[in-house]
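Listed below, chain by chain, are the residues.
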Amino acid sequence: MDDVSGLLRPADQSALIDALTARGYTVLAPVRQGDALTVAPVTALDQVARGWTADQTAGTYRLRRRDDARRFATTPAALPWKRVLHPPEAHLWTARDTGNGFEMISKPEPPPKQALLGLLPCDLAAIARQDKVFDNGTFADPVYTGRRENALLIAATCAQAGDTCFCAAMETGPDVRSPCDIALTELDDDAGWLVEARSGKGAEILSGLPLAPVPDTAFTQRDAIAEATAAAQIRTLPADTPGLLHRHLDHPHWQAVADRCLSCGNCTNQCPTCFCSNTEDVTSLDGTIAERRRVWDSCFSLDFTYATGRPLRQSTESRYRQWITHKLSTWHDQFGESGCIGCGRCITWCPVGIDITEEAAALAALEDAAEAAHA
Amino acid sequence: MATSTRKRPKLAVWKFSSCDGCQLQLLDLEDHLLDIADAVDIAYFLEATRATARGPYDLSLVEGSITNRHDAERIQKVRRQSKVLVSIGACANSGGIQALKNFADHKDFIRAVYARPDYIDTLATSTGIADHVPVDFELRGCPVDRHQLLEVVSAFLAGRKPNIPRTAVCTECKRRGIACVTVASGTPCLGPVTQAGCGALCPGCGRGCYGCFGPKETPNMANLMAEFASLGRSETGIRDGLRLFNANAAPFREESLRHDD
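So the protein sequences, as listed, match chains A and B.
Going by full-length UniProt numbering, 224 is the number at position 224 of the first sequence; the sequence numbering is gapless.
Going by full-length UniProt numbering, 30 is the number at position 30 of the second sequence; the sequence numbering is gapless.
Extracted from the complex, chain B is given alone in its bound form (with noise of 0.2 Å):
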């Protein structure tokens, strides 16, 4: 193989507050990992193997939010120990859904939730990776796509831009042919305000979008909103609606802080 002789560059994969299922989009692309363990040498992937080598990695996929001080301590070392940084997901890029805490005093959650409170040290806040150490590539969604994952990391060894689009889920629906579920049915949709992606998998099954993909480029989320008033949305489920898997995301955190009585 052409790819045999040549030095393989050195992919770290971690994981910091997160369900694991972003990871998991890696070993689910089943057709290409033979393809993927021969471009690159997996250094460090315990979701896979025990094996570990030590850094510096070339490119490393960060899964997971900040939610404890080890963490925060432990993410300043990976970017050390790092030439490329992609974060992966919502909880790396936003906080995930453990951000709703940030809208709440965690203790309450932490004395609801355990029976020793005092066992747990935890940060009141949920954040992105972005928050603490600088991200080069920021890849979306709850979970990542995985044929997104692979062109990330295919562009990554071709040293070029990857094809990412920052666009509107709206711009896969009409690709796809689907009906705006909005205009069509008066369906509320997130699809104008999030960053295309999943190839509008809920449109697509007549499913308003749930914003997993989190803020498009510039979202109007006011304007986007008021369709939803209008629509019948009560102000409570606008909040609600905005704060799920990226609910600390700029745009979604500050617009359902308007709709937050």
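One chain only, chain A, in its complex shape (with noise of 0.2 Å):
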């Protein structure tokens, strides 16, 4: 049953959004909102971003009109899918006094049911990272794996690459090649849209669609689009950065990075693996209800690693070098892979700019240096 493919032509389009709503999935897709192109829900195609781009450098995103009609040819959404699962703000329960003790009054909401629909090979593979952490076999967290069960994952071959992009180099795309329901590609020219089932659910929702015979050159297109976007990416992480990282904890570059570094948090919140919260306890005035809750956190703030009285990483260099070194070095260690899918985000909201490729091939060029002094 999984192996239904078929040709969605654009006049037919409209069907797929109609199907997800008719099996009461609220549809997330890319939209344009001011200066950007974010995720946001739909209810009809012409809500969804068409032939719209961004331009990506370091520190800059700037919105353009394609040539073509593609919808998912966005580069990076301005903010990633990673609030759809894990939302910044989560309420975990609600407590009331009852005089000896407490009783336990929240009644959780079921989680949504949501379709993603545009998703970009990097999300998707972001989605798998994230996956192994909110769910690692022996501890699940309930409020991610609940909204996990229940979405719907589209994802889109990637049809443009931005200058920050490097999922080539990170082995994540630009072909559809993590797990999902259903594996779209806009062909060429406006033909229309390839659509292969990847799972029970994707193949379900496709068999009740009108759609047409594939194409007899469609599967090449597909492997051409995606092999166009990978060459067209200027950007990778030098050989061994888990092994590189490992070996300079304490190098003076951390503070050369740090002169620049606003520590304001930004990579870390537009990187789509990133997980950590913090958890908020609130009483109410009379000292009767208390609630807890969840906000995303950053290993950026100072606050982040308070412990016995002070915050442990005080200086901008340690925030940094732990979120570089988590992200593309222990994270190999705890997953068995890399913490960074290459979407480029952390680059280019990064206000001032702070590039980290960059960072690990200046690591690898000084350790370079230093090698060949001591030869």
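Please keep in mind that the hints were generated in silico from the structure rather than gathered at the bench.
A portion of the hints provided could be inaccurate.
Subject to a maximum C-alpha distance of 16 Å in a straight line, what follows is the list of computed EDC-like cross-link-like pairs (lysine to aspartate or glutamate) [what the hints assert, rightly or not]: (1) Lys161(B) - Asp3(A); (2) Lys7(B) - Asp286(A); (3) Lys7(B) - Asp41(B); (4) Lys161(B) - Asp281(A); (5) Lys161(B) - Glu280(A).
Keep in mind the model is a prediction, meaning the values are calculated, not measured.
Mind docking these for me? Both chains are given alone in their own frames, and the hints should help you get the complex.
What follows is the structure, encoded as structure tokens:
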């Protein structure tokens, strides 16, 4: 049943959104909001951005009209899809003081049923990374897993590389290679969407759509689009980045980064795999009701490491080093893969344009120079 | 009610040099006013009532800056009568917008403004409360956010630490799902060096942050101002942008002096 595929012609594409809506999904897709392409709920196809992309460089993002009608050649959306499955603020529980103890009075809301339409392969890979974070087989986070189980993932072959993209180097794209429900490719000349079921749920939805037969050239075209996007990417990471970072925990280069770093946390908030959060307890004025909630946190904030009376990572250099080392090195130790999926958002959305690939490369160059001096 | 039999903590609200806007935030908590009045004994709050009760006070909220000798003495008395003292708003925390006089000769202002300058007895500077007495907690903002104010009062009553983040405004922008105005449209924004608390009010309207909540923890002033310069803001514009509601907060003051010719 999983091998359902077909061509969804432009005139029939609304049927996909209708089918998702009919099954109770809130459909989320790239939309244009002000100066950026973000992700928002849509109820009709014409609300999905069409013919827009963005030029992304270190510290800048500029919307640009495309010369074609593609909807998903957006480059990574200005805000990651992370918030859909790992919301910035989540209510955990509410309790009431009974006089001799407390009772839980919160009724957990059922997780929303959401269809993510137009995920790029990098963002899809990020979800696969977060799946391991939030459910390691022993401990499962109910906020994330509830939303994840109810989610339907529709990913698109990436047809536009931004200057800050490096998914090819991280082996997460530009073709749809991580698990999803439906893989979609926008064929050239607005010929339609090549849709391929990648799960039973995806097949069930596709089998109800007015699909035309797949044109002979469609799969070749799909692969050519991905190859062209990969070829357009200019960034990569040095060889053995995990070992490189591990060898230089005390390198003076961290101070050079700290001189530029604002410790604002934009990189971590924009990163689709960063998952850290803080729990906050709030109480009512009369002290009878207590509530616990979870909010996004960042290893760039001073209070993130507050323990035994003071924050441990007081310097910005120690915070930057922690972030890049976890993302590119110790994540391998924890999860057997990189924490970076190559979307480049941390580079684009750093207000002062600090580039994770450049900093890793700078450290590699300094190491090479030091070795040459010793030789 | 469970609260009617227990002794309620005494709350005092004090005003120094200020516009009263932060005290008004307390009165603006309309949905919670009855709960507040039930939870605390409002012992001294002239903005709300003429009736006053003697100290000592369990919790003092102090609005306004110290700009004259009389207030410099009065804040000492307030501190002596207060078990916990919370300074509220930019004036109380760093001297407020009236601290602009710290960068000039205050006598020039007096001569320019008053018909009889000899009637005016004022200090050369406007300074925050912590420059005069120990402060237990600083609640930031111009004005303070009323929900944060309620959180501070609730936390005090429960004997817990208030949930008031010291992180950048950027964290609130990202939680709200606002694309960065600096990155997406080249707008200079003080968000990366300013403490959160406003809910990213200005970036939410497509404007750069004006720094109403003062410096965040460990702000990198020099490099953000270098970024402002590369976005086309003049040296004078950089200086004046830092000299608003928190002109005398140390990181803003020192950076503004670096851009003063």
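Tested hints:
no.: 1; hint: Lys161(B) - Asp3(A); result: 56 Å, violated
no.: 2; hint: Lys7(B) - Asp286(A); result: 12 Å, holds
no.: 3; hint: Lys7(B) - Asp41(B); result: 9 Å, holds
no.: 4; hint: Lys161(B) - Asp281(A); result: 9 Å, holds
no.: 5; hint: Lys161(B) - Glu280(A); result: 10 Å, holds
When held up to the earlier numbered hints, the structure conflicts with hint 1 and nothing else.
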